[in-house]
Amino acid sequence: MVFASLNFLFFFLAINLILYYLIKNKTFRNVLLTVMSLVFYAWGEPIWIGLLVFSSFVDYLHGLLIERFRGTKWSKAPLISCIIINLTILGTFKYAGFITDNINFLTGLKLSVPTYTLPIGISFYTFQTISYVIDVYKQEVKAQRSFLKFLLFVSLFHQLVAGPIVRYSHIANEIDNRKLRINDISAGISRFCIGLFKKICIANVAGEMVVTYMGGDLSTLAFSEAWFGILMFTIQIYFDFSGYSDMAIGMGRMVGFHYHENFNYPYTSKSASDFWRRWHISLGTFFRDYIYIPLGGNRKRFYLNVFVVWMLTGLWHGSSWNFILWGLFWGTLILLERLFLQKIFNKLPAFISHVYLLLAAMIGWVLFYFVDMSSVVKYLSILFGQSGNKWNSLEFNSVFMSNIYWLILAIILCLPVYPYTHAKLRKSSIRVQAIVPYATIVFDFFLIFLSTAMLVGKTFNPFLYFRF
Amino acid sequence: MNDAHHIHEELEEEVKVSSLIHIVLFCVALTSFGVLFFILPQEKISDAEKRKLASFPTLTQKSLLSGDYMDSLDIYTADHFPFRSTFISVSDQLKLIRGFHNKEESFYNDVQTVDEIPSKNGTSTKDIQGSDEALKNCKGLLVANNRAFQIFSNEEPMNEEFSQMVNQYAKKLKGVRIFSGVVPTASDFFLPSKYQEYIGNEQENIQASYKLFNKRIVPIDIHQELGKHKKEYIYYKTDHHWTDLGAYYGYKAFCNAAKLTPIELSDMKSKQIKGDFLGTHFLKTKDQRLESHPDYIKYWIPPVEKYAMKYDGEEEEEIRVFKTKDIEKNKYLVFLGGDEPLILLKSTKCKNGKTVILIKNSYGNPFAAFLTANYENVLVVDYRYTETSIKDLVSEYDVNDIIILNGIYSSNTPNHIERLRDIIELKEGTKNSFQKKKRKKKEEEDIEQSDSLNVVLDSISVIE
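From first to last, the protein sequence lines stand for chains A and B.
Residue 271 in our numbering sits at position 215 of the first sequence, and the numbers go up by one each step.
Residue 417 in our numbering sits at position 377 of the second sequence, and the numbers go up by one each step.
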């Protein structure tokens with residue numbers, strides 16, 4: 057099931073909230089959330105639900121084993137075994153096809169390429185459980201003794217399929233005792249509505265145009281259309297991903313969980329390193345804490361560490377070479393910035409740094425979008441006017457103008473308007489402040505209304521995360 | 041000081057009340073739609089969309105495990121959502137306010153009225169639309185001057201492939217004259233000049249194909265003949281076809297090429313179908329300017345027998361050459377009643393024993409009947425659906441002439457060219473899968489005659 061669907065909003069979420077608020081018993085609440093999470097997952101992946109439960113059970117056992125063997129010479133064994141099992145599961149389901157393809161290519165063998173589909177969310181939940189066992193090993197959290205609660209952590213539908221990557225240590229306390237606060241729930245609802253609007257009214261609309269311009273015939277794509285296409289993808293992927301994170305954080309608050317922020321207006325960044333502190337924060341910190349720093353961080357083998365981390369970051373997004381290239385592209389920029397680029401930018405006006413980052417992000421998304429290299433090359437050649445394609449097309453002007461207000465809105469929403477408005481309102485007169493909560497209610501309903509109309513109005517509701 | 045403190049406290053309190061209201065309203069709103077979904081009466085057909093709405097899926101172990109059941113449930117909910125039509129019109133309005141629109145012109149670059157062809161494994165035309173095949177050289181629609189234009193991009197011309205295919209007819213069929221004509225769209229004649237530079241020139245493309253014909257193929261310069269009559273009503277504004285008058289000038293161009301004397305317009309009786317005609321371009325765009333400038337259908341009656349014989353591979357059936365009933369939803373069906381695999385038209389006047397084969401798609405439907413002024417028998421073959429090979433027809437009917445009539449798009453689309461080549465000699469035993477689709481549609485038509493909406497939409501996609 058996806059959040060941005062009628063069945064989810066008006067049946068699943070409605071039933072979930074009402075039952076949750078009616079039930080007072082903590083354990084029953086956990087049971088409710090777990091059962092509904094499994095239903096949610098099975099809605100999209102009826103077969104692989106078994107894998108999810110199995111994987112959770114293995115990790116749960118290993119958590120207990122780590123505590124059991126703590127202080128003995130076997131203390132590391134369960135940790136290693138658990139990481140191996142998790143990576144094997146991820147490797148089998150996500151990378152088997154990619155690996156056999158490459159082996160076949162390199163050796164000329166004709167091994168059959170596995171064709172099963174990727175279980176949704178596997179990249180997210182295996183990372184969550186890996187972070188759990190490592191944290192248990194490092195004694196940052198205690199192992200969870202109740203399988204129900206552990207399964208709740210892994211399968212919680214808020215973040216199961218599209219992140220953020222919630223670490224056990226962040227919500228360990230809330231799994232055991234969390235409180236429902238009225239103001240919290242209300243804030244969660246607002247957050248959810250904003251996420252819903254971002255996904256349906258911005259990301260989906262941009263997505264349709266991405267299909268037209270980037271998904272069409274590149275040999276006839278005009279220069280202006282190519283730039284517009286990549287701009288649309290830049291908008292789509294941000295609003296889609298951050299919209300999902302907003303909804304996850306919002307739904308968490310509705311039932312008493314507080315997840316960490318996953319995005320912080322990444323397109324306002326001034327450098328690649330800045331961008332990655334603001335984009336998919338839960339992934340960046342995961343790689344920093346569990347790979348980069350254990351490898352030695354910037355103290356030893358700095359270049360190798362950067363290479364490994366960014367190659368893996370790329371690979372995490374999908375099992376093909378373009379994602380690896382995309383990761384290395386960012387890694388290279390970050391390295392160059394560290395070596396000398398940052399010093400240069402510091403002397404130049406901030407505006408130039410912004411332009412640099414946006415261009416870098418857009419070029420990066422070209423690598424991200426096209427799985428095959430020939431399309432990447434072709435698309436880049438159109439963007440840089442080297443393809444011989446025409447500069448503009450007849451219909452483009454009209455398409456551009458007929459979306460101009462929407463485009464301006466989308467660009468404004470990439471900026472921190474929401475915190476800005478909040479800060480302004482906080483300084484306003486008491487009378488205005490008294491109206492704000494009610495205005496928020498009206499505004500939220502307006503967002504739901506628009507989103508519902510868009511959902512009913514068309515069935516175009518693609519899901520971007522199947523590859524992750 | 042005290043007052044201020046008091047107000048502050050009240051404010052804190054009020055935030056909680058408003059939060060409570062917020063939560064209750066949110067839950068009530070979500071739930072009430074869920075409840076309304078079950079309470080409100082459910083409609084089966086959407087008039088606005090001209091289609092049947094999804095029915096409740098049946099649960100099977102297979103559909104559950106594959107996830108199809110859940111997908112169907114999602115579609116079911118979307119199709120029967122409370123106040124669906126209101127929400128849809130809101131979303132249409134939202135689309136309009138996304139930017140500003142030029143009053144003169146609109147582009148619909150996702151709309152294709154390319155000649156569609158059912159694929160070999162019988163998948164629906166929808167799948168084809170998404171494939172590269174259908175996209176060849178068509179960049180959508182432009183509405184300007186209250187008329188819809190297909191945007192022809194001459195970026196990947198198929199002239200060589202097309203002419204090689206036509207040349208195959210000369211190679212494989214001896215003792216017959218072979219003519220080939222490509223019908224342009226309205227763009228070359230009526231497109232406002234400011235758009236010309238962006239749009240591929242159709243005449244250039246057509247001539248490029250004609251130049252590659254071998255000596256036995258006689259090209260029909262339809263473009264030139266139509267160009268002489270630009271001021272007349274030769275193309276529909278809301279549909280991608282030529283009018284009966286346009287088809288008549290096409291016929292005249294053929295007569296020039298074949299050195300025959302064409303029948304004069306004044307020698308034929310003309311009739312007009314009652315009511316307005318809104319064609320495929322309107323149905324796909326729903327453009328207001330097209331709606332307020334509808335077409336009409338006027339046709340001329342050549343010396344053709346009122347009834348013709350239609351063969352669909354297994355059965356024969358009598359049909360009216362001009363179908364005037366049950367064509368409310370798509371009046372272009374007046375010509376031969378639409379696309380049939382094989383039709384035999386008989387002339388009432390011309391008893392010269394001569395026979396012509398017209399190989400066509402829907403552009404040929406108004407064209408065919410005029411041929412009865414010069415031939416006793418006219419065999420009309422729709423290359424997309426026929427199960428009979430041209431070679432068999434030639435030997436069976438003692439054919440004199442063959443006309444291969446194409447639209448500009450089908451002559452530049454690989455699977456059409458391939459199909460045209462295949463039907464010269466259809467291998468025995470290979471059933472034409474195009475035919476199955478057609479027949480299935482026919483069955484549905486018989487079963488659900490009341491549900492004409494579906495049939496109309498289907499037929500739109502089949503018509504060239």
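These aren't lab readings, by the way, just hints derived from the structure by calculation.
A hint or two may mislead.
Cβ-Cβ distance ranges computed for the label pairs, FRET-style [unchecked claim]:
#1 Ser72/B with Ser225/A: 38 to 44 Å
#2 Lys211/B with Asn453/A: 31 to 37 Å
#3 Met367/A with Lys369/B: 29 to 35 Å
#4 Met367/A with Lys211/B: 56 to 62 Å
#5 Asn241/B with Leu360/A: 47 to 53 Å
#6 Phe96/B with Pro170/A: 32 to 38 Å
#7 Thr156/A with Glu436/B: 38 to 44 Å
#8 Ser72/B with Met367/A: 46 to 52 Å
#9 Asn185/B with Ala406/A: 48 to 54 Å
#10 Ile460/A with Tyr347/B: 34 to 40 Å
#11 Lys255/B with Val169/A: 48 to 54 Å
Note that the Cβ used here is the ideal one computed from N, Cα and C, for glycine as well.
Hint numbers contradicted by this structure: 2, 3, 5, 7 and 10
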